[in-house]
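**Q** The primary structure of each chain is shown beneath.
Number of protein chains: 4
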Amino acid sequence: MRKPGSNGAQTLRNLRIAAIQLLSEHGYQAMNLRMLAGKVGVQAGSLYNYIESKQQLLFWLLQETTQKLLVEFDLTLNAIDDPEERLRQFVAFHLRYHIANRKQSSVLQTEMRSLTAKNYHAIAKLQRLYTDKVRGIIEHGARVGRFHVEDAEIATFAFLQMLTAIIRWYRPQGRLSLNQLVEIYTDLTFGMLRADDGAGTRRVALSEAPPRRRLRAITPAARRLPPADSDNDADLIAES
Amino acid sequence: MRKPGSNGAQTLRNLRIAAIQLLSEHGYQAMNLRMLAGKVGVQAGSLYNYIESKQQLLFWLLQETTQKLLVEFDLTLNAIDDPEERLRQFVAFHLRYHIANRKQSSVLQTEMRSLTAKNYHAIAKLQRLYTDKVRGIIEHGARVGRFHVEDAEIATFAFLQMLTAIIRWYRPQGRLSLNQLVEIYTDLTFGMLRADDGAGTRRVALSEAPPRRRLRAITPAARRLPPADSDNDADLIAES
Amino acid sequence: MRKPGSNGAQTLRNLRIAAIQLLSEHGYQAMNLRMLAGKVGVQAGSLYNYIESKQQLLFWLLQETTQKLLVEFDLTLNAIDDPEERLRQFVAFHLRYHIANRKQSSVLQTEMRSLTAKNYHAIAKLQRLYTDKVRGIIEHGARVGRFHVEDAEIATFAFLQMLTAIIRWYRPQGRLSLNQLVEIYTDLTFGMLRADDGAGTRRVALSEAPPRRRLRAITPAARRLPPADSDNDADLIAES
Amino acid sequence: MRKPGSNGAQTLRNLRIAAIQLLSEHGYQAMNLRMLAGKVGVQAGSLYNYIESKQQLLFWLLQETTQKLLVEFDLTLNAIDDPEERLRQFVAFHLRYHIANRKQSSVLQTEMRSLTAKNYHAIAKLQRLYTDKVRGIIEHGARVGRFHVEDAEIATFAFLQMLTAIIRWYRPQGRLSLNQLVEIYTDLTFGMLRADDGAGTRRVALSEAPPRRRLRAITPAARRLPPADSDNDADLIAES
DNA sequence: CATGAATGAGTTTTCATTCAT
DNA sequence: CATGAATGAAAACTCATTCAT
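Protein chains in written order, with numbering that gives the first Met the number 0: chain C, 0 to 239; chain A, 0 to 239; chain Z, 0 to 239; chain U, 0 to 239.
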């Protein structure tokens, strides 16, 4: 039976949004298709007009999320050469992207374990591409003497995990604006990688209070980010 | 009927070890009690001689894990006053503890979402105690001018998440020794918090290659840690 | 919306052919209407322009198949009076018909169980007509002393089931031609019914090797059969 | 929960009997596990204490049935050398076995199509062994000049299918006793294979009414058959 | 204590069928 | 006529939990 006003494309969009919402909230195993169907506004069986299986739904979402991240990275950073500037822009990009797509990113972090082996490896491979790009930033800066790390690979892991963990606690309505957050993390990561933060020579002696650098104005990268994505997200399910 | 040689206390220990192993490998939802029973060497029904429910088992394990972490923190750090030394010892402690108790820590990080609301809040409250202790280290250092952070709360989150994420990738058999790992992370975090790392004044001018500090010898904290805990862990199930 | 070039009558023919194909391959329960629709080249919902229900489709096909068999029997055998000749022609007819309509016959044999009780009885009644005709051949031959069986009814069952089972193994591309097959079965059934096979007195003493009868030339019945029916059958679905 | 008086071994037996009953009546696809569970007297989920899956249940039953048939064949026929006697005993054995195990045999004939490819081939291989034994009987008799067939392979198929089809219509409560049935089929098959039926020279001239042979007394093979198997079978489910 | 047999509610998935467009 | 979106009932199977033995 066709419900009056039903529309496949819209239902598919609603399905995607509802799935991300539920996966981020409950996890793959705890989300059942009845919940999902309820949120989408159809019967559970109707979901199979759009997905092949629950597993394939998860795979699809994770793949899409990872691919989009890769594309956005390139759009944002490919044109920048200067190591510090690349680092600065990357920190801003990564934070803003993850906050704008908080639920998707959260699902990506926590639900990979629920993929079948084959699907897992496919996503892991995509994610490696991203990690490699980030390591490239750090290694390049280290090679030309602008960052100073003992082990670039480990620094990459530590750095990336620190940034990505942002979605565990940051809430846009909290006391910190997104710009402030970016500034603080830029400071932390520049220190971590012993990078010049653009405020010139710093801390002649550690025993005296160092002049805190002036925080730079909001980065241009911020403006290039696409509009906050579809997952932060009350009432996103369209009426049909 | 009772199996000859069965022993309640030993079975309980085996149950705990097997549960942590399975929870870290599969997650709460994907672990079923038949798997657990199989690993323990009893029938599923017999587990109920030791636990009230699957949920209560998870709660018990997470509570125990968190409490032990708190106790170890105090044993390791209460006697130290100097801010840099407290930071240094904390980094070493936290890394070593999480690596030694990798599976337990992993369960703690990933399975809290499977707790009922009431249980969740109980564990979250315990975890807050730990975070507060760590924030105390950073705030104290900042207050007395030894660390320089823009926002101590955020620095605490970033710092702690970076350290804790270690269990996502570090493997003791890998190319890095635990001591090396601790040194690298000490360097990263001291930079992040603009702390003196004990190598004197650093980087007078960022344009010249900075003298990398000499890595300090293995910290005493390492020796105080209890023997590697029960979760990394072949053949841990005792015969009964 | 109507596909250009679509044609109800042709679609109905395609539907019938596809249904027989799928029913013979998978059985009624395992064939689903999406498979059928796919083979016909329409959406599942469109099938309901041609059928009332899946059950009624099965009934329709079985009824048609049985009725056609009855008609062909009459066309082939009504004009023949001599008992041996009737038997001979019947064997040829039944084998050729079942081989030419292998899939339909197979569906008839195996899918009656999937009919509702009412539909089942309707088909069974038709089939009884056929069995009665065959029993007529045997009983008549026995009455006039040309066949010798202990129990005509049982002989009919045994005889008919033996012939019908041909579709379980005979493949036209195999080592036996259809003519050879008919000859062999004629021999077997004539022996079974102790009928004279047209080679005169046979086997005076069983201890000597009997002169095998000369196989008769291809029977006229073969030529009267309609062209091989629609079910053995690649590319039968017409373009529309 | 354990129901008072429940007993695994008895439940397994009941399950087997109920499954054969339902499979023969409805077929694999149309039998659902609720029906089966209902007949066994447990909840559907409880069946999985005894089976791995519905498919594996079918496989198990078919395998068991085929193996038992092979064993009984050997027990009944291995000691007999004379071709006519082997044939006679085989006819009696095959009919009696199939009637005694009517439902099992029926399931074997009709439900092989519901096996997965792998399972199908395993059973088909076992069944080939049986067919080969039967062909051996016919080929041997033909080689030594006691049977006269044009093509032993085809004769085997026709012969075996005719006998096996008995379960489609014979009912022990009907007008024919089992002994009578065996006699009739012995006569039919001896004729079919042009075998001496033990009544000496037969039918000197086909034009005169042949002296019908005297039916032999019930064969000893009948007595060797195990007691009628568990499938013909009202009220076979034991109370527990 | 431990087993093994069972429950019963839940899960994903399938599918004939309907009907607005 | 045909499509595509949906229903809703049923299927196989899972699993935490219970309890007589």
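Please note that a few of the clues may not be correct.
[Stated by the list, open to error] Straight-line Cα separation of at most 27 angstroms, BS3-like style, residue types lysine-lysine; simulated pairs:
hint	chain 1	residue 1	chain 2	residue 2
1	A	LYS132	A	LYS53
2	C	LYS53	C	LYS117
3	Z	LYS53	Z	LYS117
4	U	LYS38	U	LYS124
5	C	LYS53	C	LYS132
6	C	LYS53	C	LYS67
7	A	LYS132	C	LYS38
8	Z	LYS132	Z	LYS53
9	C	LYS53	A	LYS53
10	U	LYS38	Z	LYS117
11	U	LYS53	C	LYS53
12	Z	LYS124	Z	LYS38
13	Z	LYS53	U	LYS124
14	A	LYS38	A	LYS124
15	U	LYS117	U	LYS67
16	C	LYS117	U	LYS117
17	A	LYS117	A	LYS132
18	A	LYS38	A	LYS132
Keep in mind the hints are simulated off the structure, nothing from the lab.
**Q** Give a verdict on every hint.
**A** Verification of the hints:
1. Between A/LYS132 and A/LYS53 the alpha-carbon distance is near 31 angstroms, which puts this suggested pair outside the 27 angstroms criterion.
2. Among the hinted pairs, C/LYS53 with C/LYS117 is consistent with the structure: their alpha-carbon atoms are about 15 angstroms apart, no more than 27 angstroms.
3. A distance of roughly 15 angstroms separates the Cα atoms of Z/LYS53 and Z/LYS117; the hinted pair therefore holds under the 27 angstroms criterion.
4. Under the criterion of a C-alpha separation no larger than 27 angstroms, the hint pairing U/LYS38 with U/LYS124 is inconsistent with the structure, at around 32 angstroms.
5. About 31 angstroms separates the Cα atoms of C/LYS53 and C/LYS132, which puts this hinted pair outside 27 angstroms; it is violated.
6. Between C/LYS53 and C/LYS67 the CA atoms are separated by roughly 21 angstroms; this keeps the pair inside 27 angstroms, and the hint holds.
7. Of the supplied pair hints, the one linking A/LYS132 and C/LYS38 is violated, its CA atoms being roughly 41 angstroms apart against a limit of 27 angstroms.
8. Our distance criterion of 27 angstroms between C-alpha atoms is broken by Z/LYS132 and Z/LYS53, whose separation comes to about 31 angstroms.
9. Using a Cα cut-off of 27 angstroms, the hinted pair C/LYS53 and A/LYS53 holds, with the two alpha carbons roughly 25 angstroms apart.
10. Between U/LYS38 and Z/LYS117, the direct Cα distance comes to roughly 25 angstroms. Compliance with the 27 angstroms bound is thereby established for this hinted pair.
11. Taking the CA atoms of U/LYS53 and C/LYS53, the gap is near 23 angstroms; set against the 27 angstroms cutoff, the hint holds.
12. Between Z/LYS124 and Z/LYS38 the alpha-carbon distance is near 32 angstroms, which puts this suggested pair outside the 27 angstroms criterion.
13. For the suggested pair Z/LYS53 and U/LYS124, the alpha carbons sit about 35 angstroms apart, so the restraint of at most 27 angstroms is broken.
14. With a C-alpha separation of about 32 angstroms, the suggested pair A/LYS38 and A/LYS124 falls outside the 27 angstroms cut-off, and the hint is violated.
15. In summary, the hint linking U/LYS117 to U/LYS67 is supported, as the alpha carbons are separated by about 21 angstroms, within the 27 angstroms threshold.
16. Annotation: proposed proximity of C/LYS117 to U/LYS117 holds, straight-line Cα distance about 24 angstroms (limit 27 angstroms).
17. A C-alpha spacing of about 24 angstroms is found between A/LYS117 and A/LYS132, which places the hinted pair at or below 27 angstroms, so the restraint holds.
18. Our distance criterion of 27 angstroms between C-alpha atoms is broken by A/LYS38 and A/LYS132, whose separation comes to about 37 angstroms.
Hints 1, 4, 5, 7, 8, 12, 13, 14, 18 from the list above are not met by this structure, while the remaining hints are.
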